[in-house]
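Chemist: Following the hints, put chain B in place on chain A, whose structure we already have.
Going line by line, the protein sequences match chains A and B. Residue 1 is where the first sequence starts when you use the UniProt record's numbering, and the numbers rise one by one after that. Residue 1 is where the second sequence starts when you use the UniProt record's numbering, and the numbers rise one by one after that.
Calculated from the structure, these hints are not laboratory results.
Since the list gives no way to pick one copy over another, a pair counts as held whenever it fits inside one copy or between any two copies.
Simulated pairs of lysine to any residue, SDA-like, Cα-Cα distance not exceeding 25 Å:
hint	residue 1	residue 2
1	K175	R280
2	K125	P238
3	K273	G185
4	K302	A14
5	K175	R367
6	K175	H148
7	K273	D180
8	K125	L142
There are 2 protein chains.
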Amino acid sequence: MSLRKSWVTSANHADCPFPLNNLPYGVFSVAGGPRRLGVAIGDQILDVAAVSDRLPVDSGALTDPRGWNAVMALGQEAWATLRSALTALLSETAEPRPDVLVKQTDATLHMPFAVTEFTDFYASKSHAINVGTMFRGAENALPPNWLHIPIGYNGRTSSVVVSGTDIRRPWGQLKGPDGDAPRWGPSERFDIELELGAIVGQPSQGPIPLDQADANIFGFVLLNDWSARDIQAWEYQPLGPFQSKTTATSISPWIVTAAALAPFRCNTPPRDKELLPHLRDTGPMLFDIDLEVMLNGTPISKTNYNTMYYSAAQQLAHHTTSGCPMRVGDLLGTGTISGPERGQCGSLLELSWGGDQPIELPNGGTRRFIEDGDTLTLRGASHGDGYQIGFGDCSGTLLPALDDPFGR
Amino acid sequence: MSLRKSWVTSANHADCPFPLNNLPYGVFSVAGGPRRLGVAIGDQILDVAAVSDRLPVDSGALTDPRGWNAVMALGQEAWATLRSALTALLSETAEPRPDVLVKQTDATLHMPFAVTEFTDFYASKSHAINVGTMFRGAENALPPNWLHIPIGYNGRTSSVVVSGTDIRRPWGQLKGPDGDAPRWGPSERFDIELELGAIVGQPSQGPIPLDQADANIFGFVLLNDWSARDIQAWEYQPLGPFQSKTTATSISPWIVTAAALAPFRCNTPPRDKELLPHLRDTGPMLFDIDLEVMLNGTPISKTNYNTMYYSAAQQLAHHTTSGCPMRVGDLLGTGTISGPERGQCGSLLELSWGGDQPIELPNGGTRRFIEDGDTLTLRGASHGDGYQIGFGDCSGTLLPALDDPFGR
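One chain only, chain A, in its complex shape:
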């Protein structure tokens, strides 16, 4: 596919993240006004409520105060007709309507949908091998179940925030490998995880086949699962990560739809072990999405979502196997996305190899883990012929720990 041109001329540049081919969904406000649904186009936002008479969707869904949940609930057919209508409205052949646009620089972006529940997976083989090697040695790096099921855990919905939200370094219970007893202090190994988040757009009740799981995914956001590695190391046996992951999880403000990413579908890598039939790939359900981590504006990692061992559809299908009900607005983190090379790793834990090999920053300085005041930014885009499907930044700045965490 090549660039589709819009009467919003800023959308027609090859380096614009939001061309007509993209049309991602967000929530914005202007000057402290009410939150409204919007669609990014070029350097503008289409105010959806202002054109609701031109859209084939009940206007109630377009004014859902939670964001895009009510539109998702309408189902796949409505998603497609809405996308067609928006494409027609913004196409270069349509009558320009600058009166329904808001400049992105004038807008504040909010959570694009209400997160119903948050699940985080662990589906990058390179990441699993890296972390497993550091924690359990190279011979036991990959747990025996890893090649058979997408390993995941339930995260904490209340801690999901939109890009731009400052993150406060947490306190926690810490115990070094040599200490006799744990102590209470600010996390010293605070980290990021570069991920995508898949958004479940249709409910299910009981196990669903892989194709249905794929069809139920409405879209994707970038996701940074901030992680306190020292809290995690002490708490995670035997029931998994808990408080180490609940300080915050940041997502990018625009939902890039599965429809917009369709030209970039690709297959999962070759299977090391054949999957059981209900998880076996039936088509290309990964996506070719270039990803980047920036630390204070400097790139420190570059990788691609196409390196993942399990697709989001496989994760969702597995999630339903036990009869677990899935609902509109469920957010599934892919897990940290790491390629096989050190510079392709999606966490500082891996980039600095457990803190033993600090990374060097081009302006001088090194990093083992995040330092107070650091701004971490995730970027992502699929690259087509003369256009790209961008996600918008997923960014957060780490504030220092409070002197007294109970003293607020």
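Modeler: Just chain B now, with coordinates in the frame of chain A:
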């Protein structure tokens, strides 16, 4: 404290679970009508909306379609004044109002509140030692962190159901210790976990002290965390339980308030290791609650909540340490409640010692794990002077697995 008498005479018997001293909160409907908030008194339900003009609470909160969430959101002072007003209305010295009562036998009970998020802990030392011994041997039974923090994991809110809901035996990925590869089949080791669920009634943002955590707990329900042990054994390394726990979690239909349980407060057992200051007990925050598990009407286990190592307040305080926001309607499972004797264990896994020592049922027959058609019921009550504070049954019947789990 002794029995407080009500003009609802069925509430005045020593063996009634719902005397005036209790006043638990639920949601009921009659003959398919709308859901309404109700208070159990004797064998009746007080229709709260019908007496809203006599209650010191905004009537909007008393008609929250989600249940008691809006009342919880009003805060501790409102909880106390509402309880006083209800006590006065139903006291034997008040004018009888049989017109605002509905017989419990005429009512259907629903979820008493909307569960915002569900966290499950692992706070019974006997349970942790039993399970740890089976899985890792007696010498490594208790993980090193266990005596320092309440270990927990995030569960799946969408799978929480009210007592009386049938439970479908799940399919899952299973691998026996001797198998080369996993297979896909119905769980063969389906189990229960006898727990209490603490309901967070006030939000918090950031770490809170133990006393505030205790004050923020609105009440308790019985909780059965149905668990597929064979799915769990294969999936849980390294990120904890996931699909093994998401088939269903049943709760009892009445919220027994912390206020009603106040006369039964007791201390946690002696500490094996001194806790860090923010988790150190500041008062009696456990409760003396007798608990029982029935299998098809036969008692198979009797224990007490006062055996737990960590209180719900300690669990909630720990939950907030990382800055994790807590919200009204968060449900915190205590973890399986097991006493030190075999007959005091809260799971079949422990009662049958991993299935190796089937329990014998008085009517003949044995059980290792739950069989199709079995009804499991949890009961609980605190016993005062001539009265009790009962919870109402938490019950569920296991339906056989579907022949084709995708064939619905």
